[in-house]
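K.L.:
Chain by chain, the residues:
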Amino acid sequence: GQQLNQSPQSMFIQEGEDVSMNCTSSSIFNTWLWYKQEPGEGPVLLIALYKAGELTSNGRLTAQFGITRKDSFLNISASIPSDVGIYFCAGPGRGSTLGRLYFGRGTQLTVWP
Amino acid sequence: EPEVTQTPSHQVTQMGQEVILRCVPISNHLYFYWYRQILGQKVEFLVSFYNNEISEKSEIFDDQFSVERPDGSNFTLKIRSTKLEDSAMYFCASSFLPGGTEAFFGQGTRLTVV
Numbered sequence: 003g004q005q006l007n008q009s010p011q012s013m014f015i016q017e018g019e020d021v022s023m024n025c026t027s028s029s030i031f032n033t034w035l036w037y038k039q040e041p042g043e044g045p046v047l048l049i050a051l052y053k054a055g056e057l058t059s060n061g062r063l064t065a066q067f068g069i070t071r072k073d074s075f076l077n078i079s080a081s082i083p084s085d086v087g088i089y090f091c092a093g094p095g096r097g098s099t100l101g102r103l104y105f106g107r108g109t110q111l112t113v114w115p
Numbered sequence: 003e004p005e006v007t008q009t010p011s012h013q014v015t016q017m018g019q020e021v022i023l024r025c026v027p028i029s030n031h032l033y034f035y036w037y038r039q040i041l042g043q044k045v046e047f048l049v050s051f052y053n054n055e056i057s058e059k060s061e062i063f064d065d066q067f068s069v070e071r072p073d074g075s076n077f078t079l080k081i082r083s084t085k086l087e088d089s090a091m092y093f094c095a096s097s098f099l100p101g102g103t104e105a106f107f108g109q110g111t112r113l114t115v116v
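Residue numbers (the numbering used here), protein chains in the order written: chain A, 3 to 115; chain B, 3 to 116.
Just chain A, same shape as in the assembly (with noise of 0.2 angstroms):
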C-alpha cells in the first residue's frame, strides 16, 4: 500500500505558539486531506486539498498542498488549548475512486495553557 509518512510524532507547546507538521510519500497523490481526532472521537476533515500548489486556510489552520504532489503541510497558527488532538494527513489511494483512503501515523499535538 502507499506509505504516508507524518512528521512530526508529538509536538508538545506552550498557547499562542504556531505550530507545523507535514506529510510525505514515497508516491503521487492527487488530494490531500487533514483531519483532527479526538479522544474518543472519529476524525473530522479540516482541509481538503486537490491541486499541486494549492494553499488553503480553515481559520487559523493552513495547508498546502507540495508541488511535488509527494508532500504536504499544515499549520496551525496561535495555537490554544483546544488544538489539542491527533493530526492526520491522508490521501486517496493511486487508482482508488471509490473511496479507499491512505492515512499518515498522525501528530500528537499537546497546548500547554
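If you're looking for bench data, these hints aren't it; they were derived computationally from the structure.
Yeah, the Cβ is synthetic: ideal placement off N, Cα and C, and Gly gets one too.
Each hint should be verified, as a subset may be incorrect.
Said to hold, decoys possible - Derived CB-CB ranges, DEER-like:
hint : chain 1 : residue 1 : chain 2 : residue 2 : range
1    : B       : G18       : A       : P115      : 44 to 50 angstroms
2    : A       : P83       : B       : I56       : 37 to 43 angstroms
3    : B       : V14       : A       : E56       : 30 to 36 angstroms
Given the coordinates of chain A, assemble chain B onto it according to the supplied hints.
P.N.:
Just chain B now, with coordinates in the frame of chain A:
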C-alpha cells in the same frame, strides 16, 4: 448538522463470537466505508460500498468480514468469528461524492475481543 452515528460505542466479545457493528450514515450520502484503528496506530481502510455492493476492499477485509445495507438507513459490518487481533476502533464513514475525499466519520465503535 448531519452526522454519522455508530452503535454500540463499545463492544466486548469473546474470541470466536460474531459481532455486528452498526452505522447510520448521513441520509443523502451514497458512498459508505468502514475503517479501523488499532490502538496507537493509524487509521486503515477496510471496505467501501456503493449501490448495494462492495466497490473496494483491503487485504484486511477477508472472508471473516462482511458488510450489508439491510434497509435505507443502516450500514453494518459483521465479523463472523472474532480474533484477538480484531480488537480496534471501527469507524464508519459516508460521503456524497466518490473517492471518500469529503467523507464524514462516525465517532467509532471500540471492539474488545477477549
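K.L.:
Would you mind marking each hint as holding or not holding in the structure?
P.N.:
Evaluated hints:
1. At about 47 angstroms, the CB distance of G18 (chain B) to P115 (chain A) agrees with the hint of 44 to 50 angstroms.
2. In this structure the hint that P83 (chain A) and I56 (chain B) lie 37 to 43 angstroms apart at CB holds, the actual value being about 42 angstroms.
3. A hinted range of 30 to 36 angstroms for the beta carbons of V14 (chain B) and E56 (chain A) is inconsistent with their spacing of about 44 angstroms.
Of the numbered hints stated above, the single one contradicted by the structure is hint 3.
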